[in-house]
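Enquirer: Please put together the full structure from these sequences, using the hints given.
Protein chains in written order, with my numbering: chain A, 1 to 405; chain B, 1 to 405.
A few of these clues could be false.
The list cannot tell twin chains apart, which means a pair is met if one copy fits it or any two copies do.
[Said to hold, decoys possible] In silico DSS-like cross-links for lysine-lysine, where the CA-CA straight-line distance does not exceed 25 angstroms: (1) K59 x K351; (2) K30 x K130; (3) K360 x K31; (4) K214 x K168.
None of these hints come from the bench; they were simulated from the model.
There are 2 protein chains.
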Amino acid sequence: MEVKIESIPEGTITSPEGFHAGATCAGINKKAKDKLDLGILFSEVPCAATALFTTNRIKAAPVVLSQERLQQGRALALVVNSGCANACTGEKGLAHAAEMAELTAEGIGISPEDVLVASTGVIGQPLPMKRIRTAIEQVILSRDGGHELAKAMLTTDTFAKETAVTVKIDGNEFAIGGVAKGSGMIHPNLATLLCFLTTDAVVEMDFLKSALKKAVDVSFNMISIDGDTSTNDMVLLMANGLTGSEAIIQGSDQADAFQQALDQVCIYLARYVARDGEGATKLIEVTVGGAPTIAEARSAARTVATSSLVKAAVHGADPNWGRVMAAVGRSGVEVVESKLDLYIGDIPVVKAGRLLPFGKRSVIQLLKGSEVSINLNLNLGSGNATAWGCDLSEEYVTINSQYMT
Amino acid sequence: MEVKIESIPEGTITSPEGFHAGATCAGINKKAKDKLDLGILFSEVPCAATALFTTNRIKAAPVVLSQERLQQGRALALVVNSGCANACTGEKGLAHAAEMAELTAEGIGISPEDVLVASTGVIGQPLPMKRIRTAIEQVILSRDGGHELAKAMLTTDTFAKETAVTVKIDGNEFAIGGVAKGSGMIHPNLATLLCFLTTDAVVEMDFLKSALKKAVDVSFNMISIDGDTSTNDMVLLMANGLTGSEAIIQGSDQADAFQQALDQVCIYLARYVARDGEGATKLIEVTVGGAPTIAEARSAARTVATSSLVKAAVHGADPNWGRVMAAVGRSGVEVVESKLDLYIGDIPVVKAGRLLPFGKRSVIQLLKGSEVSINLNLNLGSGNATAWGCDLSEEYVTINSQYMT
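Expert: What follows is the structure in structure tokens.
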């Protein structure tokens with residue numbers, strides 16, 4: 001069975017068949033009047049849809065609404081805005097989210113129940129519904145509108161994150177596209193993460209759910225910008241089935257290919273979200289091998305990628321390897337000091353727990369790059385994982401200490 | 001039963017009867033040659049002793065040694081150095097820690113088994129034993145040497161943390177003293193915490209252990225500077241019994257008074273450690289009331305005090321209350337948005353989950369103070385707790401990104 005996964009040049013969320021999108025400037029954030037801040041995604045035919053939502057106990061109104069609607073496992077459209085999170089807004093917020101869905105449904109001519117809602121931005125302020133009502137009417141949907149939607153969902157992100165791939169397997173061909181936004185707002189707030197994924201494959205519901213969970217586990221669940229979890233996180237996958245007739249089910253070769261492609265799209269987007277963390281100047285990639293289990297490898301990799309001290313050291317290109325050792329030691333994962341190997345890039349720094357006479361200059365040179373890789377081998381088992389983060393800069397603090405004042 | 005707890009003016013670890021201390025400048029950190037960096041604490045008579053150690057899987061050599069020695073529940077002396085953590089130093093590190101104890105024992109004329117060792121500083125470098133050997137011989141012990149020891153254990157701390165109280169109960173009188181150090185090094189590294197506590201009360205061993213655990217739970221376990229756990233953390237309590245004959249046991253009035261005084265000493269030191277966090281300009285005090293359990297109240301308070309986004313907002317005196325809501329929501333604790341009350345200082349900002357029309361200027365004024373208090377009521381139960389942290393400043397990043405380069 002030959003599987004070919006190829007990235008689509010300038011691929012985006014509307015690259016798969018039958019998806020349309022568009023965006024407009026609603027002026028939700030008064031200080032950024034010319035920015036695209038409201039987008040709509042629409043599929044010509046009903047999609048099997050599933051999503052993962054924030055685990056925060058304080059959930060934004062659009063999260064509550066979308067979570068409820070997705071119980072039916074089906075969706076046709078999504079409306080998303082940046083500039084206001086519609087979180088901590090009580091009953092009024094829920095009514096606003098419902099109205100956004102209603103207006104979108106009306107414009108397209110579908111049922112409001114088939115429209116999902118996502119928001120990102122400042123917490124605790126009501127949506128400017130008057131401006132949103134006008135804006136929703138103005139959105140023009142098109143087959144290459146994914147790029148506009150990718151821009152409309154951005155806040156303090158410095159670039160749009162979008163990608164798509166085609167998968168060829170066994171005579172079949174389908175595509176998967178995705179867009180994501182990362183940390184911060186124009187008025188910076190939370191490291192809110194939104195990601196929307198589309199595919200024109202026919203995918204059976206149970207497998208769709210399991211595939212999304214698996215893909216998120218190796219991508220969005222492996223990045224950290226500042227350890228805070230937002231009230232608005234949402235990763236959505238919509239499959240409209242336009243390119244096939246037989247559904248992809250768990251355990252098939254098609255399923256393996258689908259999973260592989262979905263992982264690839266999610267990892268691509270997740271890496272860019274990490275790279276574009278607030279104030280970040282570089283991407284940090286942490287791999288942990290030889291852990292007793294994959295879960296422990298993940299936990300260790302995430303702890304190192306999240307450590308403020310490691311992040312600050314990488315920012316200053318400071319070869320302070322002891323901080324990596326201390327971070328992995330506090331990760332809660334089984335660690336035996338005398339077995340630990342540590343590499344910065346491909347330079348061995350610690351072997352069996354002991355410092356090697358490493359070339360400090362070469363390590364500093366590696367740390368000065370725009371992508372820094374830290375590799376640990378616990379030498380205890382076969383679990384391995386990769387996590388991504390970014391450096392901690394003075395700029396991060398500046399961005400996040402000057403919002404309302 | 002009348003209990004009177006009074007703080008001793010200029011109190012320190014040698015305020016309780018029979019404790020002697022001293023310090024010298026060993027030159028462990030070559031860049032800070034004139035700094036006191038090696039100290040010794042000694043009790044005239046054997047102490048009942050217990051300690052809590054780092055939960056990091058990577059433990060410094062002095063932690064391994066002291067942990068082993070304290071199994072006998074007894075100690076007579078302690079030797080502590082700053083400037084080098086003696087962590088990730090393998091067999092050689094263990095030999096160095098043992099030699100420090102031996103030299104100290106020799107100088108005083110006691111058994112090495114009765115000497116504990118603590119270190120703080122950079123990870124992964126060997127102790128300069130030649131300098132340490134000379135230095136240990138030079139330490140002169142005295143009844144008011146606690147102040148010198150408090151200075152010798154400092155690294156990037158900007159001031160010494162020391163205190164002592166007398167407790168009068170039922171005709172009895174005893175004292176409790178303590179010293180602590182917080183985050184960083186002259187070459188900044190980990191937020192290593194060392195705390196040594198002494199008392200001249202007679203304390204039964206089981207109660208001594210339980211009292212220390214309880215005091216640490218409401219003090220050092222409730223502070224966070226950057227979420228990293230060091231390889232060298234150690235909180236030690238030594239009771240030499242010089243002021244009494246009958247041992248204080250669990251459940252007695254004396255025990256309650258002892259616990260109250262020990263909590264007070266530990267909270268005093270912990271608050272100052274938080275206040276003096278690397279780059280900090282202010283203390284943040286977070287109280288959580290109305291949690292289902294005390295454990296949940298602690299967890300919620302700690303999560304808010306640790307949030308980078310909350311810390312950065314406080315730094316900039318930015319009334320970004322949504323970040324507090326988001327932090328408590330992700331703490332893993334039961335939270336019902338519609339029941340949450342939030343105060344900044346004594347100004348109500350959120351009532352039953354909804355934003356109140358609060359005076360932004362008054363809140364900004366409070367946030368500009370050197371101590372900021374954030375108060376949450378979950379209105380779900382009777383668990384409450386207080387956590388302390390500090391703001392996140394550009395200076396924190398600068399300190400921690402420029403160590404070796």
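Enquirer: Against the structure, test the hints numbered earlier, and report the numbers of the ones violated in rising order.
Expert: The structure conflicts with no hint, since it agrees with every one listed earlier.
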